[in-house]
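With chain A held as given, fit chain B onto it using these hints.
So you can see what is in the structure, the chains are spelled out below.
Number of protein chains: 2
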Amino acid sequence: MVELITSREKLVNYLESSQLSRGLVPTMGNLHQGHLTLIKESINENDLTVVTIFVNPKQFGPNEDFDKYPRTLEADLDAIRSIDKALDKNVIVFAPEKIEDIYPEGFSSTISVHGFDQILCAKDRPGHFDGVTTVVYILFNLIKARRAYFGLKDFQQTLIIRKMVKDLMIPIEIKLVEIVRDSNGLALSSRNKYLDLKQKEEALTLTKSIKKLKDSLLKSGIKDTIKMKDDILEDKRFVYLDILDANNLHPLDDRSKEAVIAGAIMIGTTRLIDNTLVSLNVR
Amino acid sequence: MVELITSREKLVNYLESSQLSRGLVPTMGNLHQGHLTLIKESINENDLTVVTIFVNPKQFGPNEDFDKYPRTLEADLDAIRSIDKALDKNVIVFAPEKIEDIYPEGFSSTISVHGFDQILCAKDRPGHFDGVTTVVYILFNLIKARRAYFGLKDFQQTLIIRKMVKDLMIPIEIKLVEIVRDSNGLALSSRNKYLDLKQKEEALTLTKSIKKLKDSLLKSGIKDTIKMKDDILEDKRFVYLDILDANNLHPLDDRSKEAVIAGAIMIGTTRLIDNTLVSLNVR
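As given, the protein sequences belong to chains A and B, one line each in that order.
Residues 2 to 284 in our numbering are what the first sequence lists, from first letter to last.
Residues 2 to 284 in our numbering are what the second sequence lists, from first letter to last.
Next comes chain A alone, as it looks inside the complex (with noise of 0.2 Å):
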């Protein structure tokens, strides 16, 4: 029997078949709340989670702290055995000895999604982000997951690997989570690490930066509060601050719904993120 089918939706109708219930939590190691929290959630709503920890060289510069990031195997995996509904789900920590595990030799392919090239954290890092889709891509394909975790604090990250899986139809759900702080409110990070007690206070001045800002954007508007972020980087220590339409990294209009305020900051030689989003519906 010969059928024309000549709509996509028809298509996948016609197609659907059942998949099984696996969470991936892509992570290089070195696992903080943060981590704790996607793998949580995974554990929650799916009834296998598969964490990665692979330090992925395709997405460090050539002047990036590839060599030093912390490997922590072995209390990664305390750490993950501590939650305790692993105990109860079935939960798989992949980490792979050889690199050409991910990337057999001579890979040569890339996966990249455009449109975000001068934009904050593809700046001061070309090649970043064809990093992370290629290998969030080799994963997605290696687990065949039906849902993966992405930590918020990668702004930038989450909405380019959102674009990469509507775009290429990657049939996954990629689920969202809120950054996790320190008492203090620093986001948590792996890079926390390289910090001493002084510089991690000094840190915090990202963090406040961009509080003031969020608090500036609701009471005053744009217009004060984009002055307000040109006065803050007068601080040479920030690689970028910027505010932003959430929904495709494009300067804020009057359609914008939901701001991003993001910024980068150097503290020594480490290199940090943060970022908050603002629902602007009350303007």
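What the hints contain is simulated information worked out from the structure, not anything from laboratory work.
Hints may be right or wrong, so weigh each one.
Claimed, not checked - Residues from chain A shown here face chain B by an in silico Cβ test under 8 Å; the list is partial:
{"hint": "1", "residue": "P105"}
{"hint": "2", "residue": "F108"}
{"hint": "3", "residue": "S113"}
{"hint": "4", "residue": "V114"}
{"hint": "5", "residue": "H115"}
{"hint": "6", "residue": "D118"}
{"hint": "7", "residue": "Q119"}
{"hint": "8", "residue": "L143"}
{"hint": "9", "residue": "M170"}
Note that CB positions come from ideal geometry on N, CA and C, so glycine has one too.
Just chain B now, kept in the frame of chain A:
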């Protein structure tokens, strides 16, 4: 239970699950016996065959024949219905009416396979193969096929697609099918429609030159054959003509086991390609 897995092989074994038997034959329509051979292969090997018909704008350059490319859906359906076994087996023809069914609004992702950029068709068709890999990948995802069928006439395309599948661990088997020729030896192509009888005769220049090089390669070796190729290239209708390692499109060397002799020629405004494989075991 938390289980640590440290190799891809073990992970894949763990995750392995059954797949439906679906074959995909991606085409741009205007089906000839070459396409029908692919479809028959798929019908033989799968419970369900999905033939896609989509003239993919992303693989055409700005000065190429996207607009005039032949669109013959009714004849294509008749041709598929005339395949004997299509009566017993399920065959779907997916011919989307709307381009958004393949590229949703705002689409901005690309899959690139590097390493073949200045070779054969990539030279005079910049971006062509990115367009091919991107649409083929989307079709893979849409159909969730176990096997996909491609003709060896587009030899470089088959190599790039196989590389993409290997690099990105796309769970699909790529099946290659021999070139189908008319009684004079001309490789079947939808673009042959553009030729009048005299031009079809003229187009045999390409086929005959490839044949001559193959005979020379087997009889006289690579050095003489490259000289012969350079002589043939004096004919400015040739876009390219080359003798390369069929495994990687590098120049032939002592380890080469198979050569591909591939060429492109302009007949009037029509660009035609052809190739042949030469086993080098006998040297």
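Status of the hints after comparison with the structure:
1. P105: holds (7 Å)
2. F108: Hint holds; A/F108 Cβ to chain B Cβ min 5 Å, cut 8 Å.
3. S113: holds (5 Å)
4. V114: holds (5 Å)
5. H115: holds (4 Å)
6. D118: Since the shortest Cβ distance to chain B is 10 Å, the answer is violated.
7. Q119: violated (14 Å)
8. L143: holds (6 Å)
9. M170: holds (5 Å)
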